[in-house]
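There are 2 protein chains.
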Amino acid sequence: MTELNPPRGMRDLVGGEAELYEYLFSEFRDTARRFGFEPIITPTLEYFAVFEAKSGEEIKKSMYVFEDKSKRLLALRPEVTASVIRAYLRLMRARPKPIRLYYIAQCFRYEEPQYARYREFWQGGLEVIGDKDVNADLLVATAASEFLDRIGLRHVYIVGNVATYRALMRKMGVAEEIQDHILHLIDKDQVDKALEELRATVGEGYVELIRRIILTDDLSKIESLIRDYKDFLGELYEVVEQEQSRLCDFIQALKDLGYQARYQPRLVRGLAYYTGLIFEYKLEGKEAEPSIGGGGRYDGLTAVYGGPFEYATGLALGIDRIALATSKSPSHEVKKVLMVLALGGVPLSFAYRVLKNIIGHPAGVAMLKGFVYRPRNLARGLEYGNKIGCDFVVIIGEKEYREGKATIKDMKSGEQKTVRVDEALNTILGMLQG
Amino acid sequence: MTELNPPRGMRDLVGGEAELYEYLFSEFRDTARRFGFEPIITPTLEYFAVFEAKSGEEIKKSMYVFEDKSKRLLALRPEVTASVIRAYLRLMRARPKPIRLYYIAQCFRYEEPQYARYREFWQGGLEVIGDKDVNADLLVATAASEFLDRIGLRHVYIVGNVATYRALMRKMGVAEEIQDHILHLIDKDQVDKALEELRATVGEGYVELIRRIILTDDLSKIESLIRDYKDFLGELYEVVEQEQSRLCDFIQALKDLGYQARYQPRLVRGLAYYTGLIFEYKLEGKEAEPSIGGGGRYDGLTAVYGGPFEYATGLALGIDRIALATSKSPSHEVKKVLMVLALGGVPLSFAYRVLKNIIGHPAGVAMLKGFVYRPRNLARGLEYGNKIGCDFVVIIGEKEYREGKATIKDMKSGEQKTVRVDEALNTILGMLQG
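In the order they appear, the protein sequences are chains A and B. With the working numbering applied, the first sequence corresponds to residues 1 to 434, in that order. With the working numbering applied, the second sequence corresponds to residues 1 to 434, in that order.
Read the hints as simulated data drawn from the structure, not as lab findings. Treat the hints loosely; a few may be bogus.
Identical chains share a label here; the pair holds if one copy fits it or two copies do between them.
Derived DSBU-like pairs (lysine-lysine); straight-line CA-CA distance at most 30 Å [as the list claims (entries may be wrong)]:
#, residue 1, residue 2
1, 61, 97
2, 71, 60
3, 188, 405
4, 60, 286
5, 71, 286
6, 335, 356
7, 132, 193
8, 69, 221
9, 71, 387
10, 61, 71
11, 387, 230
12, 97, 405
13, 405, 230
14, 412, 282
15, 286, 356
16, 69, 412
17, 282, 335
18, 286, 336
19, 282, 356
20, 61, 356
Construct the entire structure; sequences and hints are all you get.
Below you can see the structure in the form of C-alpha cells.
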C-alpha cells in the first residue's frame, strides 16, 4: 500500500482548510437554528429508487450505485432533499406544519472532477414542509442570506419560476417526465431544441407563449404579456398570474431586505423535482461563474413517494464553493493556546489537574485551550511550543511540583512568572490584558 | 416508490434524536478543541487497500466494498484512523510533532444490525501522532473523559497492553499476521485455542509466560511474574518491563484524576493495528455490556502505508451507544422560540426586519430564535404557535404595520402588549424576566 492519495475527486481536509469547513458548518448550523430550523440526519446510503424517482437526468447518470449482498440497489446520496421527504413521510406526517428542517451532509457524484467540483462534496440545506405561502421560500432564502452575510459573502439572487412552464405543458397534455426533459434542455440553454421537441410531441398549443416568456428577461413586461394571452389561457390564467406574483413578491421582499435579486426566465436548475419558484445564489461580481447554491419549490414531491400531496420548498448551499470564496478567516476561534509542560518526575495527573483548572474554569473557558506535553527536556518543550505558536507555556519541574507552583511563560512577550498553581489562571489572564 | 424505510441498519434521525446527536457532536468537538486537538476531514469513500492493510479480521469481512467505473475497489470507511494516517503521510509529515487531531464521522459496516449496532454509525475520534510518551495516551483519554463527564456519563476504563504479547511472539519468530490472528482469538475469549495455535506454529517458546500473563488479572502480580522470567527473557526484559510500567502509569494517572480504571489482560480489541497500550470505555454499572469506545497505541501504522515509522495513539467513541445512554437532555439549547406573524397585507420584508432586529440584536442573540409565518388568519397562527411550543408571538396586522407597531404575546402567561417595533426586543426581554 503506497498509494497515499484519496480516491479521485475526494479530499483530505486538514489544517486551515479543515478549520474553515468546521467554521462554515458551525455558522450554517447556528444560523439555521436561529431561524427556527431543526436538524435532520438521514442515511448517507439510500436505496437507488429514492433518487431514481425525481433527481434529474444529470444526477441519475452520475450516481455511485452498487448492489448490496442481498442484491438491493443502493446509492450514495447525490443530494439530501429526497431523503428528507422520505423521512418526513415516515416519521413526521403527524406534526403541526409548517416544519422547518436543516442538514449539513456530504453528497456524492461520479463525474469528472473540475475546479471546485468534487466527487464527494458538502451541502448545507434548509427545507420547509407544509407551507404554500411565498413566505416559506423567503424564510429559507433569508436564513441562507444571513449565513452568507455572516461569513462575509456578498451574493446575488437569480430567480425563476418553472410553475408557469409546467402548468402550460400540463394543459397541453405533456407527461411529467417529458416536462422534466424539456426543462432540462432549457436549463442547458437549448431553448430552441426544447421548443421543437415540445412541438413535435404535442403540437403548437402554448409553445409560442412559452417561448415569449422564456425570452422576456424584463419581469415587468411578463405581466402585460400574460394579460395579452388571458382569453387564450382561460382557466390557466389565474394559476399563471399567481405564480408571477409569487415571483414578484419574492424578488421585491429580497430587495426590500437589501439583497440583490434578478429575474432569469431560463433558470430551471438540474433537479427534476422543482415545481415552481426557483432561485440560485451567485457571488457578487462573479455571476458568470457557477452558483454557490440554490433551491426552490418542490410541491408534491411527497406524492412521488406515495404520500399525500404536500407543499414544500427548500435550498442547498454548496459548502465547497463557499469555502473557496470565503476570504474571511475563521473568526470563531479566538482562544489562546496553552501548553502545560510536565518535566522530569512530575506526575502527569498533577499536570492534567493544572491544565483542567485553567481551561475548565469559567474565566478561562472562553479564552484558553490547551494540552499537557512531556518533552525530553525543557528546551525541547519550548522549541515545540514556539513552532506550533503556543501563546502560554506552564512549566512544571520537580521543584515547582514539590512547592505546588508553576512557571508561566508568555511566549509572545517572553515574560515569565513563578506562581502558586491556583494562581496560574489569574496570572495568565493578567498577562493577556497587559 | 412506496418503500419509505431507509436501507436496513440505517436510520433517519429527526426531532429530539437529531437534536441529541447535534448536541453530542458539538460537545465532542468543543472538548477536543479545548484540549488542543484540531479537525481533520477525510473521505467517506477510500480505496479498499487502505483498510485491507490493518483493519482486523472482523472488519475486513464486513465492509461495504464495490468497484468504481474504472474497476478500482472502493470501500465505505469502517473506521477513520487508517485514513488519518494516510492523510498524515500525505500532508502533515513536515509539521512539528506531536500532532493532535479530532474527527466526527459516520462509518459503515455490513453485518446484521443488533441493538445499538447500526450499519451506518457515528464515531468521534482523537489521535496523537509523533509522541512515544504515555502522556499522549493520557491526553486522548483525558479529553474523552472530559467529554463523557460533560454529557453526564460515568464511565470505567478497561486497560490492557498487547505490546508484551507482540514482543514475545515476535521474538519467537511469529509473523505479524499470525500475531494479529492470535490476538484476535484472545479478544474472542478463545485463549486456549490461541495458545494451541501458537504452540503448533512456533513451539513452546514463551507460550507459558504468555499464558500466565493472560490469566493474571492482578496487575501488581505481573511485575513479580515478569521478574521471575528475567533471565529467560534476556534482552526482552527491558521492553516488557517498560510496557508494564506504561500500563501502570496510565492506570494510576487516570485514578489520580478521579476516574475508575481496571486492568484486563485479555483485552485486545478488534483492530489489528494496535501495538501497545489499549483501553475501552464501559458505562459505570454496565461493564458486561459492549464498550462505548476505546483506543490505544498504533505505533508504526505509518510504516504499513510505506511511510517512516511514527509513534501514534488514539481512540474513537461510539456516538450511537453514547446517545442511547445519555439521559441528560441537550442543555445547549436554551433559546426561547419566537414567531413573527405577518397578517393580511403586511409586507413580508417588514416582518423579517422585525425578526432580525430581535434575534440578531446582541441582547437577543443568546436568548431568542425565531421565524416569520404568514398564516391564513391570526387564530390559525396562534394555534400553530401553541402546538409547536412557541414562547413568544409577535403579531403584526395591517393596523400595527401602518403605525410601526407590533403586539407581543407571551404564550406561557397569555400576557400581551402592543409596542413600537423598535421596543419589541426590550418588551420580550422584560416578559422573560417577569
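Tested hints:
Taking identical chains as interchangeable, the C-alpha atoms of residue 61 and residue 97 are never at most 30 Å apart, the minima being 35 Å within one chain and 45 Å between chains. Both within a single protomer and between protomers do residue 71 and residue 60 lie at most 30 Å apart by alpha-carbon distance, with minima of 19 Å and 20 Å respectively. In this assembly of identical chains, the alpha carbons of residue 188 and residue 405 never lie at most 30 Å apart, being 71 Å within a copy and 48 Å across copies at closest. Only within a single protomer do residue 60 and residue 286 lie at most 30 Å apart by alpha-carbon distance; the minimum there is 29 Å, versus 47 Å between protomers.
In this homomeric assembly, residue 71 and residue 286 never come within 30 Å of each other (Cα to Cα): the closest approach is 46 Å inside a single copy and 38 Å across copies. For a Cα distance limit of 30 Å, the shortest separation of residue 335 from residue 356 qualifies both inside one copy, at 15 Å, and across copies, at 28 Å. In this homomeric assembly, residue 132 and residue 193 never come within 30 Å of each other (Cα to Cα): the closest approach is 33 Å inside a single copy and 67 Å across copies. Taking identical chains as interchangeable, the C-alpha atoms of residue 69 and residue 221 are never at most 30 Å apart, the minima being 58 Å within one chain and 49 Å between chains.
For the identical chains of this complex, residue 71 and residue 387 are neighbours neither inside a copy (53 Å) nor across copies (44 Å), given an alpha-carbon limit of 30 Å. When the C-alpha separation of residue 61 and residue 71 is checked against a cutoff of 30 Å, the pair qualifies both within a copy, at 20 Å, and between copies, at 17 Å. Proximity of residue 387 to residue 230 under the C-alpha cut-off of 30 Å is found in neither arrangement, the shortest distances being 74 Å within a copy and 42 Å between copies. In the homo-oligomer, the alpha carbons of residue 97 and residue 405 lie at most 30 Å apart only across protomers (27 Å), although the nearest pairing inside one protomer, at 60 Å, exceeds that limit.
In this assembly of identical chains, the alpha carbons of residue 405 and residue 230 never lie at most 30 Å apart, being 87 Å within a copy and 40 Å across copies at closest. Proximity of residue 412 to residue 282 under the C-alpha cut-off of 30 Å is found in neither arrangement, the shortest distances being 42 Å within a copy and 43 Å between copies. Taking CA atoms no more than 30 Å apart as the test, residue 286 paired with residue 356 passes between copies only; the shortest distance there is 28 Å, against 48 Å inside one copy. Proximity of residue 69 and residue 412 under a CA criterion of 30 Å is satisfied in neither setting, with 59 Å inside one chain copy and 54 Å between copies.
Proximity of residue 282 and residue 335 under a CA criterion of 30 Å is satisfied in neither setting, with 33 Å inside one chain copy and 32 Å between copies. Proximity of residue 286 and residue 336 under a CA criterion of 30 Å is satisfied in neither setting, with 37 Å inside one chain copy and 39 Å between copies. Taking identical chains as interchangeable, the C-alpha atoms of residue 282 and residue 356 lie at most 30 Å apart only when they sit on different chains, with a minimum of 23 Å there against 46 Å within one chain. In the homo-oligomer, the alpha carbons of residue 61 and residue 356 never lie at most 30 Å apart, since the shortest distance is 53 Å inside one protomer and 42 Å across protomers.
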